[in-house]
Structures are given as structure tokens and as C-alpha cells.
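Enquirer: For reference, the chains in residue letters:
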Amino acid sequence: MTDFPWLLSMIVVPAIGAAAVAALPRDREALAKQLALGVSLLVLVLAVLATVAFDAGGDRFQLTTSVAWIPDFGVDFALGVDGIALVMLLLIGVLMPVVVLASWRETAPGRRSVRAFFAWLLLLESLMVGVFAATDVFLFYVFFEAMLVPMYFLIGSFGGPRRQYAAVKFFLYSLVGGLVMLAAVIGLYVVSSGELGEGTFAFDALRQIDIDPGVQKLLFLGFFVAFAIKAPLVPFHTWLPDSGAEAPIGGAVLLVGVLDKVGTFGFIRYCLPLFPDASRDLAPFVLVLAVAGILYAALLAMGQSDMKRLVSYTSIAHFGFIALGIFAFTTEAGTGAVLYMVNHGISTGLLFLAVGMLIARGGSRQVSDYGGVASQAPVLAGVLLVAGLASLALPGTNSFVSEFLVLIGSFPTRPVFTVLATVGIILAALYVLILYQRTMHGPPRGVLLDEPEPSETLEPAVSGGGGASAATATVTAPAPPAVPRLRVPDLGRRELAVAVPMVALIIALGFYPQPLVRLIEPAVAATMVDVGADPAGVQPATTDVEGAD
Amino acid sequence: MVQAPEISLAALAPLLFVLGAACVGVLVEAFGPPEGRHRVQVAVALVGTLGGLVTSLLLAGERQVTAGGALAVDGPAVFLQATIAGLGALSVLLFAERSLDPARSAFVAAAAVPAGSPRDRELMTSSRVQTEVYPLTGFAVGGMMLFVAANDLLVMFVALEVLSLPLYLISGLARRRRLLSQEAAVKYFLLGAFASAFFLYGLALVYGATGSVRLADIRAAAAVGGTDLLLVLGLALLVVGLMFKASVAPFHAWTPDVYQGAPTPVTAFMAACTKVAAFGAILRLLYVAFGTSEWTWRPLVYGIAIVSMVVGAVLGLTQTDLKRMLAYSSIAHAGFLLTGVLGLNGGADAAGSGLGATMFYLLAYGLTTLGAFAVLTLVRDGAGEATHLSRWAGLARRSPLTAAVMALFLLALAGIPLTSGFTAKFAVFRAAIDAGAWPLVVVALLASAVAAFFYLRVIVLMYFAEPVVDGPTVGVPGLPTTIVLAVTVTATVVLGIAPGAVLDVAERAAIFVG
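In the order they appear, the protein sequences are chains A and B. For the first sequence, my numbering gives the first residue as 41, with consecutive numbering after it. For the second sequence, my numbering gives the first residue as 41, with consecutive numbering after it.
Read the hints as simulated data drawn from the structure, not as lab findings. All C-beta atoms in this analysis are idealised placements derived from N, C-alpha and C, irrespective of residue type, glycine included. Each hint should be verified, as a subset may be incorrect.
Stated by the list, open to error - Some chain A residues flagged as far from chain B (calculated, every beta-carbon gap over 10 Å):
id, residue
1, ALA70
2, ILE110
3, ARG145
4, SER415
5, GLY436
What the hints assert, rightly or not - Covered stretches of chain B, as calculated for chain A (at least 3 residues, CB under 8 Å):
id, stretch
6, 209-216
7, 291-304
8, 330-338
9, 540-553
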């Protein structure tokens with residue numbers, strides 16, 4: 041079973057699926073959606089099976105396959121995963137069917153092709169798997185850059201009113217970072233050919249060469265800038281609120297849930313092991329950016345009137361925590377950071393989805409256009425609340441475990457930064473609760489009031505929805521003109537199918553994160569050995585988690 | 041008694057094929073019956089270029105100096121000859137397209153008739169086609185193939201003229217917007233004549249300094265007295281002449297005007313083939329003749345490369361016409377190519393040399409840019425090709441396939457991975473960093489990012505903008521253009537995903553004889 045090319049099939053299956061969806065005739069939109077859902081579920085199954093085949097206590101890289109790709113460049117098509125990459129693949133596997141379902145009724149501007157949307161989505165999945173599974177730096181770079189194209193089209197073709205601007209900004213920011221990294225990738229190759237006699241891009245070989253500290257710093261910065269733009273850390277972040285706000289909801293979930301994780305994944309996979317000296321020397325600088333991001337983005341999030349921008353800013357704050365955990369150089373904090381990457385994908389993903397459901401009902405992204413929704417759509421309110429609480433890391437939700445691990449892991453080595461970061465938690469509570477309170481509680485107000493039936497954006501499945509009979513009654517009963525009434529249908533069956541698994545994961549991982557921790561920890565510990573940090577605190581990671589329950 | 045130099049006819053076969061076909065074309069033009077002449081001319085031109093391609097492929101691995109030492113038939117010469125012949129054949133196919141223009145041809149029916157005269161208006165609607173363009177193209181292709189094999193500055197100069205004169209002519213043959221086309225031809229001719237004069241003067245100075253026009257002799261003389269002022273000045277003038285042909289800034293002033301004014305198939309031909317030929321000559325001159333005194337030219341080329349990349353990328357931003365935009369893109373790419381030229385020496389012992397990388401880049405860029413111009417010929421409105429940027433808004437909705445093909449070419453020109461453009465850029469940048477020119481590579485990467493913006497802008501317009509009312513129509517291409525598009529799309533994808541074999545060929549060919 042371990043011989044089966046799990047990783048390759050996870051790249052190939054969605055790519056073929058994308059081609060198949062794109063090749064469908066124009067009038068088979070329903071089939072396109074079903075096909076996309078089927079393919080994404082198949083990839084989820086593959087991801088789970090790959091996890092079963094993975095031996096947490098075994099070699100660092102497993103499920104490896106390697107084929108010579110461009111011999112003249114010394115490039116191999118080399119795939120393999122450690123625990124860190126594996127949990128990211130699981131995250132992709134889980135998010136993808138959810139995103140496909142959530143995008144079922146993506147009403148795109150100007151009647152854009154539904155097939156194109158799902159084809160780009162599947163192609164994006166294929167490339168995202170490739171990014172995390174590549175163990176050849178050149179291959180990683182190829183996936184890293186190629187990934188931009190589907191996301192660019194998703195934002196540009198299917199996004200909000202300012203989608204052209206957002207798409208170009210997204211592409212150019214990422215491209216600039218990528219090109220700087222390309223210089224560093226080539227530099228690394230040249231250094232390796234000086235050290236080993238023959239240039240290589242293989243991660244394992246590169247990890248073992250000794251690079252001159254001055255060169256290391258330059259190469260580190262090359263990689264770091266690309267990842268800091270991707271993640272994004274604070275001075276490089278301005279593209280994310282635009283992209284997050286203009287992207288279609290499904291695209292936004294993948295953008296902050298997975299794409300941006302490539303940045304933090306890059307820190308821990310490439311920056312730390314390849315450039316240990318530079319990482320240690322420049323860590324204070326990175327930590328300043330990280331903590332500044334936590335505080336600054338949290339403050340900005342509070343000031344947003346656009347819900348999607350607000351959620352984008354919360355993500356920037358969370359990425360600050362992840363960067364803090366990675367650059368604290370303890371196994372505990374590193375494990376917490378990787379776990380945070382998964383948890384953030386789920387909790388912020390759900391937050392985006394819930395906000396998207398609300399926007400689908402009201403047609404506006406402004407917080408001030410909503411109010412009192414909870415009285416009409418309690419399930420929607422509940423989902424938003426769970427997502428919000430997970431986002432502010434309430435104990436019992438998944439994010440608490442990871443945030444706690446990051447903070448206690450960072451405190452011994454970086455007490456000042458950790459204390460400052462803790463302030464971010466308080467701000468997180470503020471921005472989440474303000475969003476929830478303004479939209480869900482209080483007197484009914486805003487666009488949902490007494491308006492003509494917004495039939496295109498409404499969820500027609502509502503009438504058949506199990507818990508939505510009250511809402512149906514509201515919709516069908518003619519509203520007396522004198523009394524303003526809210527017309528908010530609650531979640532339909534499809535939306536429940538989107539929300540329930542995510543809520544379940546939030547709670548399950550909040551109480552029982554051990555399976556993931558067990559996968560992540562050895563890989564993080566190995567990375568800490570690479571970077572030369574004291575790999576102390578290997579044990580407490582799991583025990584403290586139990587205490588957290 | 042004068043002894044005739046020995047000539048290896050086999051080694052000259054590609055040249056003989058192409059130039060022979062061109063001569064046949066002239067005879068057909070003079071004596072052939074007017075009806076069916078177009079078909080015959082296309083066939084002759086295709087036989088010539090494809091014959092050149094096949095024979096040069098058969099010559100692979102050949103390494104000799106022939107024709108009394110005037111021609112070098114070595115790896116780079118054969119590789120570039122094959123590239124030029126192949127791209128030339130594709131250009132001929134573009135010329136032969138008859139189903140796009142209502143008047144059945146992109147070329148004017150009678151070039152000598154004054155533009156706008158009653159006779160001209162009459163001819164405008166007639167279906168008379170003019171076929172001189174095929175033999176002229178044949179001579180241009182032959183000159184280019186001679187250019188990359190010239191082992192002697194005089195032969196190089198002759199080749200330069202043989203390739204340039206037909207190009208000046210065919211730039212002025214556009215059927216529509218004739219004045220613009222004629223203006224382009226005059227500009228190209230005047231500036232080209234200047235550049236030829238520079239080259240000739242440089243040749244004379246080098247001859248004065250070294251006493252020979254043979255590249256190998258110059259090399260030997262330069263090794264002894266490398267800093268001789270006469271020699272350095274001569275080298276600089278030679279480089280200026282060649283850089284002009286390669287449309288490298290700051291010798292690029294003609295490029296946007298000529299690219300815009302010339303008939304689009306001719307622009308495609310120039311952008312692809314002339315670039316290959318000029319860089320072939322630059323590589324041979326710098327590497328064979330001045331390979332031992334590289335510090336006399338390295339700083340010069342270094343500076344020119346930076347200027348070219350920056351000018352191409354920055355001025356490209358302000359363009360509103362697609363043909364002009366692609367012209368600036370070609371200037372920027374000339375800068376990227378020079379990065380590879382600077383990687384020549386560093387990679388001598390390492391796995392990848394700048395020479396192989398540059399040759400691969402030329403092939404990849406030639407195919408992509410040819411394809412991009414071919415797409416331009418498809419999008420038309422009442423006044424001919426609709427090359428203004430704003431006319432392309434929402435093209436993806438009108439013709440998804442055309443837009444997708446164009447988007448692929450633009451992504452390749454921007455150097456996005458999994459396209460040939462990325463492989464090529466990676467190859468030249470690696471060679472340059474290997475040679476220690478990493479600051480140049482950083483500039484190149486920044487320029488790439490800037491240039492990406494104007495490529496992206498076209499994609500944004502095609503895909504994300506609302507279509508314009510009474511926008512251009514997308515013509516259904518006939519067989520020739522379809523073949524061109526199929527070949528260039530395939531090449532752009534294959535050289536991006538599985539470039540191994542071609543890189544290997546380029547790498548193995550990367551040894552000059554001298």
C-alpha cells in the first residue's frame with residue numbers, strides 16, 4: 041500500500057478532473073458541479089489513505105517518488121511529505137469539497153461559465169497539492185508560481201466589483217516575491233554546485249551543505265520576501281484585504297485557508313533548515329514583523345466596515361501568530377504553529393463561508409447593512425458564532441490548542457514578543473464579537489428589511505430545508521407594509537452540508553488534536569535540529585494539550 | 041594563379057536549399073503564369089525553408105570550417121540555422137494565409153501605386169495578390185542563416201545586407217494602412233543603413249588593428265594586444281551594428297514603429313527570425329573573435345543589457361497598441377538574452393553554459409512571439425487588424441479559444457512556470473549567476489515583474505472586462521495560420537513541461553569552432 045503513488049495521484053486526479061470539467065459541453069453545468077464534487081471527494085479519500093500509509097515515527101520524508109524531469113538543470117520531479125506537509129494535504133482535502141459545495145450557486149458577474157469556475161478550482165487543487173508535496177526546490181517553485189494563474193482567473197473572472205484591480209494586485213505582488221525567490225533558488229543551486237561539485241535542487245541534499253553566512257543571509261532574504269508576501273506579514277500584506285474582499289467566497293476560503301499557508305510552510309520547510317544561521321540571526325527582525333502584524337491587523341480588522349475585508353485582516357493577525365511560533369525555535373511553538381496553520385484554515389474558512397452565506401442573503405458586504413439576523417436565521421447565527429469563537433481561540437475550539445501551544449512554546453525563548461502577542465488575543469475577541477453582535481443581534485435593520493424578494497441570490501433549496509420551515513413561512517407570507525419584517529431564510533440543506541463538517545472539525549480538533557500533533561511533532565523536531573535550536577519541549581506538547589480540555 | 045577554396049557542399053546544403061528556392065521564386069515571378077502563381081510561390085518557399093530545416097538537422101554534430109575559412113559549420117550555427125529555417129517556414133505559412141483578409145492577402149497588390157490614389161482604391165477591393173514577398177523572404181532567411189555561420193567579418197557584413205534589404209522591402213507591403221507601412225519601411229531602411237555603416241566602420245577598424253577579418257585571426261591578435269584602442273573601438277562599433285538588428289535598447293528606436301507599421305505576418309517574421317540571426321552573430325563575434333578579451337566587452341554588454349531590459353519593460357507599460365507593446369516586449373527580451381550572453385564564460389566547466397541557454401531562449405522566444413503575432417492577425421474589424429488594446433476588451437467571451445491561446449503566449453512571455461518562457465529565462469539566469477552576474481539577474485527579475493504587468497493587462501482586458509460594443513470580430517483562420525498556431529502552442533507548452541530533450545540538444549550544440 042505504501043508503494044502506491046498517493047501524492048502523484050493527488051496531483052493528477054484533480055488535474056484530469058479540471059480538464060474533464062472544462063471539456064464538458066456548455067449546457068451540462070449540473071454535471072460539471074457534480075464532477076467537481078466527486079473529484080474533490082476522491083482527493084479527500086486519497087489524502088486520508090495517504091495519512092494511513094504514513095508512519096509518524098518513520099523516516100522524515102515518506103511516500104516519496106522521484107523521476108528525473110529536466111536533467112540539464114538537475115531537476116527531479118520529486119515528491120514526498122513529512123508530517124507538516126501531510127497535514128496541509130489533509131486540510132486541502134477537507135476544504136476542497138466544502139468549497140465546491142459552497143460555490144454551488146456561484147452567481148458570477150456577466151454570466152461567466154460555471155464550468156470554468158470549477159475547472160480552475162480543481163486545477164488550483166492540483167497545484168496546491170504539488171506545492172506541499174514537492175521535495176525539489178525547483179519543482180516547488182514551479183508549483184508556487186503556477187498556482188497564481190488559477191487563482192488569478194478565479195478572482196478576476198468571478199470576483200466582486202473591483203475584481204480586475206484585486207486580481208492584478210494579487211498576481212503582481214506574488215510574482216514579484218516569486219521572482220526574488222527565483223534569484224535565491226538559482227543562487228542556492230550555484231552554491232550547491234560549488235559545495236557538492238554538481239548542482240542540485242533536492243531538498244535533502246541542500247539541507248546538508250554549509251553555506252557561507254553572508255550568502256546565507258542573502259538567500260534567506262530571497263526566500264523570506266516571497267513567503268512574507270504570500271503569508272502575508274505586515275509590510276507586505278496590502279494585497280490580501282483586496283483579494284480576500286473581491287474573490288468569490290470559495291476562492292477566498294482557499295486563498296487564506298491554503299494558498300497563504302504556502303508562505304508559512306515555506307518558512308518552516310525552506311527558510312529554517314536551509315539557512316539555519318541566517319534564520320537565527322534574522323529571527324528578531326521577523327518576530328518584530330510578526331508581532332506588529334498581530335496588533336496592527338487586529339486594530340485594522342476592528343475598523344473595517346466590509347465583512348470580507350474584516351475577515352481578511354483577522355487572517356493577517358493569525359499569520360503573525362504562526363510566524364511567531366515558527367521563529368521562536370522551540371518544538372512546542374513550531375508544532376503549535378503548524379497546527380495553527382491547519383486550524384486557521386478550518387476556522388477562518390468557516391468564518392468566510394458564514395459571512396458568504398450572509399452576503400448571499402443580503403447582497404451587501406457592509407456590516408452596517410445587517411442587524412438582528414439571529415432572530416430569523418438562528419442556525420446561520422450559530423455557525424457564525426462558532427466560527428468567530430474559533431477565530432478568537434476560545435478554549436474548546438481547535439484554535440485554542442494551537443494558539444496556546446504557540447504562546448507557551450515561545451515564552452521561554454521570546455518572552456517580550458510573546459507578551460505583546462497576547463494582547464492580540466484580546467483584540468481578536470473585540471473584532472469577532474463586534475462583527476457578531478452588530479450583524480446578528482439588536483433590532484432588525486439594513487438590507488434584509490422589507491425588501492423585494494432577492495430571488496437570484498436567495499437559496500431556493502430553503503423550501504426543502506429541514507430546519508428552515510419558519511423562514512419559508514416568512515418568505516411566502518405577504519408582509520404587511522406597515523411593520524418592517526426581516527426576510528432571512530435560514531440555512532438550506534446544502535449550506536448545512538457545508539457548515540456541519542466544519543463545525544464538527546472545530547470542536548473535534550479542540551478536544552482531541554493528538555492525531556495531528558503526532559504527525560506534526562517529529563517533523564518540527566527534525567526542523568529544529570536542522571536549525572540548531574534546542575529541541576527541548578518535545579514531550580510537553582502533547583501533555584499540555586490534554587490539560588487544555 | 042588563384043586557387044579556388046575548397047567548399048564542402050554538404051555543409052552548405054541548408055544555405056543552398058534556401059537561397060536556391062529563393063532564386064527559383066524569382067524565376068517563377070518573372071516567367072510563371074499569373075494564375076496559380078501564389079500557390080507555386082508558397083510551395084517553393086516552403087520547400088526551401090523546410091529543406092533548409094531538414095538539411096540542417098541532418099548536419100547536427102558537424103564541426104568544420106569551410107569555404108576557405110569563411111564559414112563555420114558548428115553546433116551553434118547548425119542549431120540556429122535550423123531554428124531560423126523552422127521559424128521561416130512558419131512565417132511563410134502566415135504570409136500564405138488567404139481566408140482572413142477580405143482581400144485575400146495581407147500584402148498590397150501593387151506596391152508601387154501611390155497610397156490613396158484612385159488606382160490604389162481600385163486595387164484595394166480587387167483580389168489580385170502579389171507574390172514577390174515569398175522570394176524576398178527566402179533571401180532574408182538565407183541571409184540570416186549565413187549570418188549565424190559567418191566566420192569572417194566580411195561574410196558577416198554581406199549576410200547582414202542580404203538579410204536586411206528584403207526586410208526593408210517587405211515591411212512596406214502592408215495592404216491596409218499603407219502609409220504607416222511605407223513610413224515604417226523608410227525608417228527601418230534609414231536607420232538600418234546607419235547601423236550597417238557602423239558595422240562596416242567597425243570592421244575596418246578591427247581590420248586595421250589586427251590585419252585580418254577572419255574571426256580566428258582576430259582572436260589570436262586580440263589575445264596579444266587586447267587593449268589596443270583601435271581594436272576596442274572597432275569592437276564597439278561592430279556591437280552597435282549587431283545590437284541594432286537585435287533591437288536592443290538604446291539601439292531600438294526603429295523597433296516599435298516598424299513592428300507596428302509592417303504587415304503583421306512580416307512583423308512576426310522579423311520578431312522571431314531576425315532576433316535569432318542577430319544574436320547568433322553577436323554570440324559568434326563576442327565568443328569566437330573576442331572570447332579571450334572578454335573584459336573589453338563585458339562591461340559594455342552588461343550596461344546595454346540593463347538599459348534594454350529597463351527600457352523595454354518600462355516603456356512597454358505605456359503602450360496602447362498591441363503590436364507596439366510586443367515590440368517593447370521584444371526589446372526587454374533582448375535584454376534577457378544578453379544576460380545569457382554574459383553567462384558564456386562562467387558556465388564553461390559547469391553543467392549549463394550561457395551559450396546553450398541563449399540558444400534555447402532564442403528558440404523558445406521565437407516560437408512564442410511568432411504565435412502571439414499570429415493571434416493578432418485573427419482579430420479584425422472594418423479597418424483591418426484591431427490592434428488597439430481597448431478593442432480587445434472582453435475578447436474571451438467572443439472567442440474563448442483565441443483568448444486562451446493569446447493568454448498562453450502572454451504568460452509564456454511573462455515567464456510563468458510550465459511555459460517555455462520560464463524554462464528559457466531560468467536557463468539564461470542560471471548561466472548568468474554562475475558567471476557571477478547576479479546583480480544583472482536581480483535587475484532582470486525586477487524587469488520581468490514590470491513587464492508582467494503589461495502582459496497581464498491584456499489578459500485582464502480579454503477575460504475580465506466587458507466586451508466593447510461593435511467590437512472586432514475574430515476571423516476563422518485558414519489552414520496555414522491554424523498550423524502555425526498549433527505548432528507554436530504545442531512548442532510553448534512542451535518546452536515548458538518537458539524541455540529536457542531540447543535543452544540537451546542545445547547544450548550539446550553549444551561549442552563553437554574557430
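Enquirer: All hints, please: hold or fail.
Expert: Evaluated hints:
no. : hint    : result
1   : ALA70   : 21 Å, holds
2   : ILE110  : 5 Å, violated
3   : ARG145  : 21 Å, holds
4   : SER415  : 39 Å, holds
5   : GLY436  : 43 Å, holds
6   : 209-216 : violated (count 0)
7   : 291-304 : violated (count 0)
8   : 330-338 : violated (count 0)
9   : 540-553 : holds (count 4)
The earlier numbered hints that this structure contradicts are 2, 6, 7 and 8.
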